[in-house]
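Trainee: Residues per chain, in single letters:
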Amino acid sequence: RKEVEQDPGPFNVPEGATVAFNCTYSNSASQSFFWYRQDCRKEPKLLMSVYSSGNEDGRFTAQLNRASQYISLLIRDSKLSDSATYLCVVSRNTDKLIFGTGTRLQVFP
Amino acid sequence: DAGVIQSPRHEVTEMGQEVTLRCKPISGHNSLFWYRQTMMRGLELLIYFNNNVPIDDSGMPEDRFSAKMPNASFSTLKIQPSEPRDSAVYFCASSLRGGLSNEQFFGPGTRLTVL
Chain A
2 RKEVEQDPGP
12 FNVPEGATVA
22 FNCTYSNSAS
32 QSFFWYRQDC
42 RKEPKLLMSV
52 YSSGNEDGRF
62 TAQLNRASQY
72 ISLLIRDSKL
82 SDSATYLCVV
92 SRNTDKLIFG
102 TGTRLQVFP
Chain B
622 DAGVIQSPRH
632 EVTEMGQEVT
642 LRCKPISGHN
652 SLFWYRQTMM
662 RGLELLIYFN
672 NNVPIDDSGM
682 PEDRFSAKMP
692 NASFSTLKIQ
702 PSEPRDSAVY
712 FCASSLRGGL
722 SNEQFFGPGT
732 RLTVL
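If you read the protein sequences in the order shown, they are chains A and B. The end of the first sequence is residue 110 by my numbering, with every number in the run present. The end of the second sequence is residue 736 by my numbering, with every number in the run present.
One should not assume that every hint holds.
[As the list claims (entries may be wrong)] Calculated lysine-lysine pairs in the DSS-like style (CA-CA distance at most 27 Å, straight line):
(1) A:Lys43 x B:Lys699
(2) A:Lys43 x B:Lys645
(3) B:Lys645 x A:Lys3
(4) B:Lys645 x A:Lys97
(5) B:Lys699 x B:Lys689
Simulated from the structure, these hints should not be mistaken for lab results.
So here's chain A without its partners, still in its complex pose (with noise of 0.2 Å):
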């Protein structure tokens, strides 16, 4: 079983909705939590870290389930831009990063 499970899609959504992706991890000794958003053919950025309370940046949201494992990002009023791949990432430290496969999100006018 892999470490960070997704669900790899695609979900193709039209502009303006409201779209979540979830993601589980199976070490409860994970620490540290993000949202790293790929490209095709590009490389991965970092979109956000994932807090306790949950957080929210503009249109995205993430929120994280420590007792169930999971960790979600939620969002809104999609653009065109927001088409790519969605990595969920936790850590055990703050220097090892281990990614899930990656959730496509398609997005179409």
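Starting from the structure of chain A, add chain B where the hints point.
Mentor: For chain B alone, kept in the frame of chain A given last:
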């Protein structure tokens, strides 16, 4: 500011050949990471360095893979001999350990094809 620089961007080689991938981290960063990405396995950490010292190489697949960081501004990942199953995108990333966020910044990757 220049980000993480990787070379070559694309490499096509034949099985059995030696492949050397290069990385220049962001100036001032003290941690460097080598990852491999495939469709099947996603992004996997191969090895990482702190202050030029290898800390964890448990992700290196086998002895055919080796990595060095002779100074703070340069690292190499070598595969010798290469095999078709090594075909993947290899990313280098750097971060400032002890900084505010420890965010890892990725280079553009080297797309390796072993025939």
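Trainee: Do the alpha carbons of lysine 43 of chain A and lysine 645 of chain B lie within 27 Å of each other, as the hint requires?
Mentor: Status holds; Cα separation ~18 Å.
Trainee: Would the hint linking lysine 699 of chain B and lysine 689 of chain B be met if the CA-CA limit is 27 Å?
Mentor: 9 Å, holds
Trainee: When you check the alpha-carbon spacing of lysine 645 of chain B and lysine 97 of chain A, does it fall within 27 Å?
Mentor: 19 Å, holds
Trainee: Checking one constraint from the list: CA of lysine 43 of chain A to CA of lysine 699 of chain B, max 27 Å. Satisfied?
Mentor: 22 Å, holds
Trainee: Mind checking the alpha carbons of lysine 645 of chain B and lysine 3 of chain A for me, to see if they're no more than 27 Å apart?
Mentor: 31 Å, violated
Of the numbered hints listed earlier, the single one contradicted by the structure is hint 3.
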